[in-house]
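*Asks:* Take a look at the letters that make up each chain.
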Amino acid sequence: MQEIKLPKLGQAMEEGLVDEWCVNEGDSVSAGDTVVIIESEKTVHELPADQDGRLLRKLIGEGETVPIGTTLGYVGTADEASEISAAPDSDSAAKTPTEKTQAELGQRAELDGRDEPIKLESPQADESGGIESATESPDTATTADGSINATPNARKAAQVHDVDVTAVGSALGVQQVQSEHVGKYVNDSSIANGGTEIRGSPAARRIAADNGVEIAAVGEELETDRVRMADIDRYLERKAEDSSPTDDRNAEPTNESNDPSPTVHETVSVTGGRKVMYDRMQTVSRDYGSTTTVARVDVTQLTSLTESLKEPWQKYHDVSPSITAFVLRAVAEALPEYRILNAEIVEGDGSGDDPLVRQFEDVNLGVAVDTEHGLLVPTIYGADERSAVELGERVTQLAEQARNHDLEMDQQQNATFTVSNAGTFGAYINTPQINPPQTGILGVCTVNEEPGIVDDEVVPRKIMHLCLTYDHRVVEGSTAVQFLQAVKHRLEDPHSLLS
Amino acid sequence: MSQQVDVQAEQTEQTIRESLNQALYEELERDDSVILYGEDVAEYGGLYKISEGLYEEFGDDRVFDTPLAETTLGGSAVGAALAGARPIVEIMYADFLPIAGDHLINYAAKMYFNYGDETSVPMVVRSMYGTGDGHGLHHGQSPEAWFMNVPGLKIVMPSTPKDYKGLLKSAIRDDDPVLFLENKMRYGESGPVPEEEYTIPLCETDIKRRGDDATVVAIGGMVYEALEAAERLSDRGVECEVVDPRTVTPLDTDPILESVEKTNILVTAQEAPTFGGFGSEVAAQVIDDAFFYLDAPVKRVGAPFTPIPFAESLEEAYVPTAEDIETAVIDAIET
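Chain order of the listed sequences is A and B.
Take the first sequence: its position 48, counted from the start at 1, is 48 in full-length UniProt numbering, and no numbers get skipped.
Take the second sequence: its position 330, counted from the start at 1, is 330 in full-length UniProt numbering, and no numbers get skipped.
Quick caveat, the hints were computed from the structure, so don't treat them as lab data.
Check before you lean on any hint, since a few could be wrong.
Stated by the list, open to error - Taking lysine-lysine and the BS3-like style, the derived pairs with C-alpha atoms no more than 30 Å apart in a straight line are: (1) B/LYS262 / A/LYS156; (2) B/LYS262 / B/LYS162; (3) B/LYS208 / B/LYS49; (4) A/LYS156 / A/LYS184; (5) B/LYS208 / B/LYS162; (6) B/LYS262 / A/LYS239.
Being a predicted model, the structure only gives us computed values, none of them experimental.
Kindly generate the complete structure, drawing on both the sequences and the hints.
*Replies:* Following this line, the structure appears as structure tokens:
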């Protein structure tokens with residue numbers, strides 16, 4: 001029998017989303033057939049059957065996010081079906097013939113998994129994979145924005161107090177959350193709440209998690225510090241009533257004039273790649289000292305250069321020369337002199353409270369690519385060792401892979417600086433957001449024809465803005481401006497970039 | 001071999017006393033290797049008249065009296081069982097089971113594990129427990145927790161006349177040593193018993209009453225108290241599920257968990273002191289395996305942690321009742 005677990009597909013991966021089950025429970029599969037498609041860090045992976053048989057059980061439903069190591073389902077022969085419930089733990093799994101939702105089954109399976117701790121390479125992943133799966137339901141699993149970790153004891157304490165370790169970490173400004181941090185956080189919020197701590201019964205907590213409801217919110221709404229199952233129902237009913245005017249209006253248009261609240265067209269949950277964006281941007285806007293400086297670049301020469309290179313490049317390299325390729329080249333050349341921008345921030349690695357900035361030797365450029373399934377940022381490794389044409393080729397290739405959802409995990413990791421081109425959409429000035437834990441990002445804007453002055457004469461010029469957003473906590477303004485000027489000067493003398 | 005009870009079968013109203021007497025009669029008649037002995041079980045017909053008429057019917061080879069010597073009763077039963085008989089021994093009061101305890105705990109329960117060759121000890125020890133008749137410290141204790149912790153020993157504590165009969169017959173036919181505990185305060189309880197021959201398998205939890213609001217796991221005589229409490233609570237709009245495990249060890253836990261997963265509230269009820277008792281074990285298993293279904297603290301109903309008082313008024317206060325169960329359910333719901 002094959003136990004399909006969520007694999008660890010990258011160093012930073014802590015959880016994954018079950019995108020699609022390709023076969024139904026009970027359907028037969030052959031070795032090599034894709035059974036389930038998962039998504040993590042914006043990359044899609046197919047998990048195949050390693051034997052002929054049937055899909056015996058799906059434990060995790062589509063759209064659910066679970067920690068690595070979580071058992072997603074089982075493939076095996078029909079005879080082995082009975083072993084599934086009996087196998088993990090003699091008692092509990094076998095004794096629930098009553099119908100359950102997949103989420104409950106998943107939760108149960110994880111609870112049963114206690115006896116077999118999942119072995120993983122890094123201690124950080126072990127915590128989230130092993131302990132989290134044992135103590136947290138998939139719905140309450142903390143987000144994988146990679147910036148805050150917690151010890152197993154801290155996660156247990158967080159579970160008991162029904163708080164989020166990420167919230168604890170950010171509230172106390174620690175990256176490695178320990179159980180005493182949780183205690184401190186809980187006490188602090190108790191004080192803030194006027195001394196009463198809102199607790200939920202085990203069943204209430206399970207149902208709250210199933211419904212994506214916070215116990216604290218229920219307690220506050222219903223003015224109780226002991227939340228029971230019935231309270232969750234009451235809370236959900238109240239929320240439904242709150243939003244019901246919209247429904248009433250849909251049903252009875254005559255009421256329309258009385259009800260000013262907007263009609264809901266659609267409510268969409270933020271999952272997968274969009275959830276990654278949600279978490280990262282939240283981290284950046286909350287924690288980073290993001291500041292943007294803008295340079296006005298005269299790209300008249302550059303555009304005529306790319307125009308003249310069109311034929312030879314297409315002929316010899318099968319790639320069109322682009323502004324982006326030259327910007328990448330200019331950035332890759334300039335970055336080694338401004339290593340603080342080719343860096344990542346390591347907050348409190350456990351040895352002390354001082355944050356660290358890790359400045360890299362390698363220049364790996366992330367290139368933002370807009371796709372129909374969200375913004376992806378593939379990485380060009382060793383960008384400083386590639387020519388403009390090579391960079392152009394690489395960008396074309398990676399963008400195509402990104403659009404086809406075909407990027408490998410390591411093709412989306414390890415970038416040391418990011419370049420984002422919103423100019424293709426016509427942005428005049430666009431301030432990009434840093435991709436954490438990096439310290440800077442360069443936004444490339446659209447090229448406009450504007451009057452310029454050359455030798456005291458007003459002449460038409462091609463002008464483009466470059467917007468550098470940097471983390472002002474670690475990058476000084478002068479450094480950022482100098483770096484941007486270095487990029488600007490190279491682009492205004494584009495032949496230097498052909499070397 | 002065991003025959004499931006057919007719900008369509010004809011039933012007659014019988015007391016527990018009558019159904020037990022019938023069970024013994026049927027098994028003595030069915031199998032020559034079954035013997036019944038103990039203090040006053042033969043000529044007197046048993047102190048509580050459970051074995052009345054059996055001595056006359058089967059003679060003193062099969063049904064006989066013994067001296068007041070529980071050690072010998074226990075030891076001889078283990079020996080007889082090993083030699084091929086199916087002895088049924090009566091230890092008149094469960095309070096004195098510890099005197100036979102060495103034979104039960106260290107011999108009867110261990111033989112199968114000691115020899116590993118299917119050696120079995122098919123013996124039944126019938127014994128009476130039950131508080132409320134003013135018998136004082138030594139004639140009414142509930143002993144299940146004393147023996148619950150012994151692997152290899154089955155403990156049966158039925159509640160209704162039908163269960164008593166069907167389970168005693170299964171216990172006699174079982175190849176393992178079985179401690180069969182009878183509540184002496186409930187021998188007069190009557191209920192429907194199938195006319196046709198039947199057995200009820202050991203180790204099967206029974207649901208005595210369906211309900212969605214709270215689970216009451218009651219054992220032995222407390223099942224009656226739980227049912228009474230359930231009726232009263234029903235008047236207040238609370239529907240209890242009364243779960244009767246019937247066999248204490250090995251415990252059939254699944255139906256208990258399923259019930260708690262439905263009701264989200266657990267109350268246990270036993271006559272013995274609460275501390276270290278059957279209810280504590282049920283509570284622990286539910287917390288282990290159905291924690292995320294609990295919506296209230298688990299409440300255990302049982303006696304206080306003190307010997308049974310002799311004074312009538314104190315004994316009355318000591319014995320757990322339907323009111324105690326009712327209060328516990330309400331406490332859990334209104335926590």
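*Asks:* Now tell me if each hint is right for this structure.
*Replies:* Hint check results:
Between B/LYS262 and A/LYS156 the CA atoms are separated by roughly 27 Å; this keeps the pair inside 30 Å, and the hint holds. Our distance criterion of 30 Å between C-alpha atoms is met by B/LYS262 and B/LYS162, whose separation comes to about 27 Å. Restraint check for B/LYS208 and B/LYS49: satisfied, since their Cα atoms lie roughly 27 Å apart, inside the 30 Å limit. Restraint check for A/LYS156 and A/LYS184: the C-alpha separation of about 15 Å stays at or below 30 Å, so the hint holds.
Between the alpha carbons of B/LYS208 and B/LYS162 the distance comes to roughly 12 Å, so the proposed pair stays at or under 30 Å and holds. With a C-alpha separation of about 25 Å, the suggested pairing of B/LYS262 with A/LYS239 holds against the 30 Å cut-off.
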